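S.K.: Below, each chain spelled out in residue letters.
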Amino acid sequence: MAEYLDALTYIVSSPTNLFFIVFSVIWGIAFGSVPGLTGIVGVALLIPFTYAFESEQSLLLLGGVYVGATFGGSISAILFNTPGSPEAACTALDGYPMAKRGEAGKALGIALASSAIGGIFGTAVLMLLAPPMAQLALEFGPPEYFALAVLGISAIASIGGGSVLKGLTAGLIGLGIATVGLDPITGMGRYTFGNNMLLTGISFVPVIIGTFAMAEVLTRVGEGNKSSTAITDVSTKLPSRKEMKDSSGTLARSSVIGAIIGALPGVGATTASFISYSEAVRWSRHPEKFGTGVAEGIAAPESANNSAVGGSMIPLLALGIPGSATTAVMLGGLTVHGIIPGPLLMEQNTRLVYSVFIAMMFANILMLAFGVRAARYFALILTVPYAYVGPAIIVMCMTGVYGLNGNMVDIGVMLAFGVVGVLLRVMKYPVASFIIGLVLGPIAEKSLRQGLIIADQNYLEFAARPITAALLLLSLASLLYGFYGQYKLARERRNATTVADTAD
Amino acid sequence: MTFHTTMKPAAIAALLGSSLLAGPALAQDDYPSRSVEVVHQYGPGGGTDRFVRAVAQPFEEITGESMVSISVQGGGGIPAVVNFTQRPADGHSLMAISPAQIIAHVQGRIDMADFKPLARVQYDQALIWVPADSEFETIDQFVQHAKDNPGDLKIALSGAAGFDEITVGLFGLEAEADFGTVPFSSSEMVSNTLGGQVDAMFEEYGPARGLYDSGDMRPLVVFSEERLPVLEDVPTATEKGWDVTLGRWRAFAMQAEDSAENAETLYADIEEAVATESYKKFEEQNALQYRSELLGPDEFQTFIDGEIETYTTVLRELGYIE
Amino acid sequence: MSKNIIEFSFALGLFAVSVWFWLIADGFPVSPRYEGIDTDFWPKITFGLMALTSGLVALGSLRDMLAARRVPASTSVNPADWGTIGRMSAMGLLVLFYFIAFGKVGFVLSTIVFLWAASAMIPSGRFWVKVAFAPIFTALLTLLFAYGLSLPLPRGVGPFYELSLLLY
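Protein chains in written order, with our numbering: chain A, 611 to 1114; chain B, 2 to 323; chain C, 23 to 190.
No lab work stands behind these hints, which were simulated from the structure alone.
Just so it is clear, the structure is predicted and the values come from calculations on it, not from any experiment.
Positions of the beta carbon are idealized from the N, C-alpha and C atoms, including for glycine.
There may be inaccurate statements among the hints.
Claimed, not checked - Okay, the calculated beta carbon distance ranges per label pair:
1. Val632(A) x Pro51(C): 22 to 30 Å
2. Leu628(A) x Ala257(B): 32 to 40 Å
3. Ile309(B) x Tyr169(C): 38 to 46 Å
4. Arg292(B) x Glu664(A): 49 to 57 Å
5. Trp150(C) x Lys1038(A): 55 to 63 Å
6. Val153(C) x Glu664(A): 46 to 54 Å
7. Gly49(C) x Glu664(A): 50 to 58 Å
8. Gly49(C) x Asn150(B): 31 to 39 Å
Claimed, not checked - Just so you have them, the derived chain A footprint on chain B, three or more residues with Cβ under 8 Å:
9. 61–75
10. 277–289
Whenever a hint applies, use it, and build me the whole structure from the sequences.
M.R.: Next up, the structure:
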């Protein structure tokens, strides 16, 4: 308790510290919400400042940006179908349909409340359970990563009210596209067709911006004069107690998933949001409704990705391992101040560690306050005629994607996937499955092959580990259950049409 | 150069219709006359990014012009090189290069002739680390086990077919032992080694030092000519009779067509910058002071030629190139 | 053109691509160190499965197509759809030109021209506002990216690079 008191006094005693927390949350929301500018860019731009300030202050700053950016992405995802950051890609799946229905305010409110709940949960886990969670994370070897990815991927059988085969195909397209570029194990080029620039592969951010934002602008332009998608209600309302209670199962499950996945090195908020979306679909009594604008479809990814923020600080603080791009920058910031990251960090720098805990708690609460306001300003853009907004979104996406890496190939990828996004929608292949395959495919491939190297290619040895076997069996069961559910749904529908036909 | 100096005012006149922004054609002795941009292939906050920023700080005080780190990630560094070579050779675009470029050159993906070596600043040394509860106390036991059980020992490393894998591969060839290698991202490499999924890992001293201080990892051997002053008990590979001294270095290169005068000016500035107190402090914080020796354009060129030769031999022996 | 035919050809196209990519994977260079889990390992699994599922989708839509032949084609693409496709392709082409110019001409010029053209294509909004919007928005974005955030913006090549250097 004394540590908390000490850290709290440290933060409160200096107006600079308080200002940093407020500033960083706003900065984070801004970077998260502008398409193309992700939280990582926001963090990278602050690197020079982290050199100039105390180590505690630089972590406050970066931690706040991380928290704000993870929520910020959902604003543009919901209002423009343009995920501002990869963590928010899942939020667009149900957030935008809900906004299109005229319930933008409600969608934003759910996103905000879920983010805060997830964020506070993740931070609490970080405060109370960091050492045991770090030990748990070390139990996860490649086979466990593989099983986790498979579990997420298996949900594609349940997603989308249409055909199972189309869902699977869309998922496999995602998996296939992820294989372009350098092989993660052998370092050879794949599907580059002699063009070395393609060794970069198909990066995730350009693809989601393409499939969501570009496809959306093209569709809107295609509609011409029709104003069917005008979003009117934008007054952000936090959900009522009853609504929160309805989603409580999803929120609890997603927050736990988020914290655990966040704590695993190498995977983070994006993976957490996708796996918890998959789980929300799997556990729902109406899996076919996902993608049409259900509350749980927003609550699941938003609580998971914010919970993962707290989770991803665990390996950094408890072991000195940066589990994500943002925490890697934080690690650099620590080194500059002469702090050696490692298992001793928590013992030797108590004030630093506890200040981070408290600051992240503050940041999550501040996010609630600023989120409502930020969403309101963003919503003003909706009143501007589309002749300005549409082209401006394209320009922002191009500039943002270029700014990310200075790579023209990424922009090409973004444009190509704008067309792919339109095709998938028109041909009724679920975009959700496609994106899940794209995100989880590389994790599945890499960890499967790493695990097989370690197990000397003995598949039984690979799978015969308690966590791996349990997760794999669960995925198999879920795959079968998904098929059964879709089969039942198809039969009901066929019966319904026959009834309708005879009624004619 | 004439093309650039004549084009500048012409373009302004044509497109802005104003002479507000047009200064006189810039003389050589003004160099550098605007911010120097350093392209590299690594992410923000990574080792190379921090290296550029650490040099940039004193560089700015010395020259009055800023030095900016530009990160072009992915694709085994190819996009970064393409971005660099498309820039004009006016001395204001540099690239931060490392063994990754030598490897890409040997694999035929890029051409080192596109670069004019400027200054090698850092030269690191890596070690083989085992977790604290490992049965191996010395490198001899480790190598003996690998000889008795070919392929049984798995060494985690970061990146595929890169510097790490080549160094460990060369170590295996020299020690006549068969090690399995498992490529990971650098954070997963550490967690999998700590968690006992693999037997050992390959990492530089700086990033692993926290785990050494806490007693979670134990170094077995260092790949360098001399023992590290902070790890007096850890033998070098050379003294065991295995000639493996490859180290990760970080350096600046200019465009091949850049003028020699500019290179000289810039080298002098960099030389001054890395001699400053602030850079020395950075070097110490990252445990890079042991082997880092500043090499000027000519020595660096010789060094690169040697590296190309070494890497070609190793990559051929490992079967990566014909 | 019936909807079923489009459906069928799309699935058939996917099937063809997955078979083609499987064959490319078969030709990947062999790595001596990672036999059994080589470069082609995962792509073959992925594209093999994709060939299977997309083949089944194609067969399914072929069956629907044959069944629908008995019913007069009421699901053909109507003129309104052609308008949509036309507008989308026009915008798509414009974006493609913008992409090419983005790299070659640099950020400022290509963006102003693109914004003029694109906003002219979309019916809503007033003419003079559109004319003014393009340069203002571009200037703001340049200020934000190049000066505020010091992020890279494309400068184009040759003389355009020189021009861009004067602006950011």
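S.K.: Quick check: which numbered hints come out false for this structure?
M.R.: 1, 2, 4 and 5
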